[in-house]
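Mapping to our numbering: the sequence shown position 335 is 355, numbers consecutive.
For the record, the hints were derived by calculation from the structure and aren't laboratory data.
Each hint should be verified, as a subset may be incorrect.
[Unchecked claim] Each computed EDC-like pair below joins lysine to aspartate or glutamate, with the alpha-carbon atoms no more than 20 Å apart:
1) K356 to E379
2) K117 to D228
3) K153 to E125
Quick caveat: nothing in here was measured; it's all calculated off a predicted structure.
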Amino acid sequence: MMSRSYTNLLDLASGNFPAMGQPRERKRLPRVMTVPGVISELDDDVANSVASDVPSSVVQDRIIIVGNQLPVKAKRRPDNKGWSFSWDEDSLLLQLKDGLPEEMEVLYVGSLGADIDVSEQDDVSQVLLDRFKCVPAFLPPDILSKYYHGFCKQYLWPLFHYMLPISGNHGGRFDRSLWEAYVAANKIFSQRVIEVINPEDDYVWIHDYHLMVLPTFLRRRFNRLRMGFFLHSPFPSSEIYRTLPVREEILKALLNSDLIGFHTFDYARHFLSCCSRMLGLEYQSKRGYIGLEYYGRTVGIKIMPVGIHMGQIQSVLKLADKDWRVGELKQQFEGKTILLGVDDMDIFKGINLKLLAMEQLLKQHPKWQGRAILVQITNPARGRGRDLEEVQAEIQESCRRINDTFRLPGYEPVIFIDRPVSLSERSAYFTIAECVVVAAVRDGMNLTPYEYIVCRQGVSGSESSSESSDPKKSMLVVSEFIGCSPSLSGAIRVNPWNIEATAEAMNEAISMADSEKQLRHEKHYRYVSTHDVAYWSRSFYQDMERTCKDHFRRRCWGNWLKLWFQSCGA
Numbered sequence: 021m022m023s024r025s026y027t028n029l030l031d032l033a034s035g036n037f038p039a040m041g042q043p044r045e046r047k048r049l050p051r052v053m054t055v056p057g058v059i060s061e062l063d064d065d066v067a068n069s070v071a072s073d074v075p076s077s078v079v080q081d082r083i084i085i086v087g088n089q090l091p092v093k094a095k096r097r098p099d100n101k102g103w104s105f106s107w108d109e110d111s112l113l114l115q116l117k118d119g120l121p122e123e124m125e126v127l128y129v130g131s132l133g134a135d136i137d138v139s140e141q142d143d144v145s146q147v148l149l150d151r152f153k154c155v156p157a158f159l160p161p162d163i164l165s166k167y168y169h170g171f172c173k174q175y176l177w178p179l180f181h182y183m184l185p186i187s188g189n190h191g192g193r194f195d196r197s198l199w200e201a202y203v204a205a206n207k208i209f210s211q212r213v214i215e216v217i218n219p220e221d222d223y224v225w226i227h228d229y230h231l232m233v234l235p236t237f238l239r240r241r242f243n244r245l246r247m248g249f250f251l252h253s254p255f256p257s258s259e260i261y262r263t264l265p266v267r268e269e270i271l272k273a274l275l276n277s278d279l280i281g282f283h284t285f286d287y288a289r290h291f292l293s294c295c296s297r298m299l300g301l302e303y304q305s306k307r308g309y310i311g312l313e314y315y316g317r318t319v320g321i322k323i324m325p326v327g328i329h330m331g332q333i334q335s336v337l338k339l340a341d342k343d344w345r346v347g348e349l350k351q352q353f354e355g356k357t358i359l360l361g362v363d364d365m366d367i368f369k370g371i372n373l374k375l376l377a378m379e380q381l382l383k384q385h386p387k388w389q390g391r392a393i394l395v396q397i398t399n400p401a402r403g404r405g406r407d408l409e410e411v412q413a414e415i416q417e418s419c420r421r422i423n424d425t426f427r428l429p430g431y432e433p434v435i436f437i438d439r440p441v442s443l444s445e446r447s448a449y450f451t452i453a454e455c456v457v458v459a460a461v462r463d464g465m466n467l468t469p470y471e472y473i474v475c476r477q478g479v480s481g482s483e484s485s486s487e488s489s490d491p492k493k494s495m496l497v498v499s500e501f502i503g504c505s506p507s508l509s510g511a512i513r514v515n516p517w518n519i520e521a522t523a524e525a526m527n528e529a530i531s532m533a534d535s536e537k538q539l540r541h542e543k544h545y546r547y548v549s550t551h552d553v554a555y556w557s558r559s560f561y562q563d564m565e566r567t568c569k570d571h572f573r574r575r576c577w578g579n580w581l582k583l584w585f586q587s588c589g590a
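Let's have the full structure, built from the sequences with the hints guiding it.
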């Protein structure tokens with residue numbers, strides 16, 4: 021009997037994509053098959069024939085970057101007639117261009133962070149393509165809500181941060197309609213990619229957990245497509261991941277990529293463990309590269325933590341309004357020691373744990389009462405739900421209690437900033453902070469410590485700061501559960517659930533001798549400045565190029581429909 025819950029998925033997998041304009045005439049390549057699902061090397065004559073069909077070096081390589089959201093800001097014009105667009109300079113998808121070859125054309129596919137009326141979508145699409153080389157994917161409101169706020173935020177986001185995928189809105193049951201919306205949204209993204217792709221020449225680089233089944237749609241359509249995927253969130257242990265009812269479907273979809281990237285070894289190790297336990301696949305390591313054999317292809321595994329955009333931060337450090345804000349903050353906090361937190365409002369950021377540690381610090385070390393201040397900058401929440409509301413209430417209660425207990429004339433131990441803060445203002449806070457504290461219970465990478473280190477270093481040769489010649493120093497207290505922790509050997513690592521230990525770490529950080537802070541800062545700055553976003557992007561692209569170099573010499577055979585659209589029920 022056919023499972024009703026998969027009816028829509030079978031429709032999506034049928035391969036009957038709607039026409040997307042005039043189809044390209046694709047080159048026909050020789051096909052050689054020995055055993056189904058196994059690649060075979062072509063002999064020299066056939067290989068030469070294939071090589072003659074391969075685009076010559078005259079053809080410019082192009083890469084299509086696919087993410088949930090385009091690196092573009094959309095704003096309705098004041099007269100309510102049309103839209104104005106600008107680059108989102110904070111977007112990682114935009115910043116990674118710095119690591120790609122200068123001659124490479126970059127095209128973006130993703131959704132817009134604005135509700136565009138159907139009657140305006142064609143005009144908006146044309147403007148974005150002409151001016152920004154962006155191709156927007158417009159999701160119907162019902163699919164968007166279930167895809168993003170439903171499956172992504174209710175299931176994948178908690179699961180990948182080690183929380184079991186239980187939806188409180190559905191009695192703890194797995195809501196398969198949210199999964200169907202996730203697949204439908206990924207298909208819409210695939211259609212937009214298919215509209216613009218030249219499968220023989222283009223690379224495709226897909227980003228993050230929102231689009232984990234997109235590789236299947238593209239691989240089924242273009243068998244030789246050169247495609248990479250990078251996961252920017254943690255990947256949980258197999259004991260957590262195996263609770264997801266669609267666990268195998270997602271793994272198989274990801275394995276349709278040529279290269280899969282993770283921030284840390286632990287995340288990659290968990291993924292490989294899941295592939296072994298749930299799919300029976302074993303990885304091999306050869307000459308420093310990790311690969312999985314899957315349906316006749318070798319899927320590469322890349323471990324490379326992302327970095328920050330050095331140029332963007334250094335340009336902000338030169339701004340006059342940043343220096344003005346630094347002077348204002350120094351006057352406001354004169355004689356005080358500033359600990360700083362910068363986090364999104366999220367249940368996994370550990371903001372309340374940080375506040376409890378600050379409270380414990382003031383209790384255990386009374387010398388800091390009246391002297392130490394925790395400034396907590398909290399960016400607006402991206403998700404929603406009862407769990408988030410409860411965390412917000414806990415944070416507000418902790419702030420009120422700590423300030424009521426330890427407040428003195430002219431002194432409040434906790435300053436809570438609950439609003440969007442520009443990079444310029446954030447840089448000013450980084451500049452005056454003696455220590456940055458990150459207490460997230462799980463986080464993919466978290467670049468806040470990197471930004472802090474660069475801001476404390478300042479800009480070489482800049483005359484904007486009278487203290488530019490002073491020795492640079494910084495100090496970090498970071499959770500051992502965040503992706504950047506292994507890269508920061510001079511940071512004090514803590515288990516954020518251990519409130520007393522975190523409080524002691526905060527005391528150690530702000531009490532440490534300046535000479536030791538300088539040594540740790542120098543070590544951190546050397547790493548952060550050389551492992552920036554361009555370094556990360558360049559490394560991933562080069563590995564994708566290496567992994568895909570034999571695409572025109574090999575042929576992989578397999579039944580794509582069976583890869584993850586399994587639908588037979590008892």
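These are the hints, each one checked on the structure:
no.: 1; hint: K356 to E379; in the structure: 17 Å, holds
no.: 2; hint: K117 to D228; in the structure: 17 Å, holds
no.: 3; hint: K153 to E125; in the structure: 9 Å, holds
In summary, the structure agrees with every hint in the numbered list given earlier.
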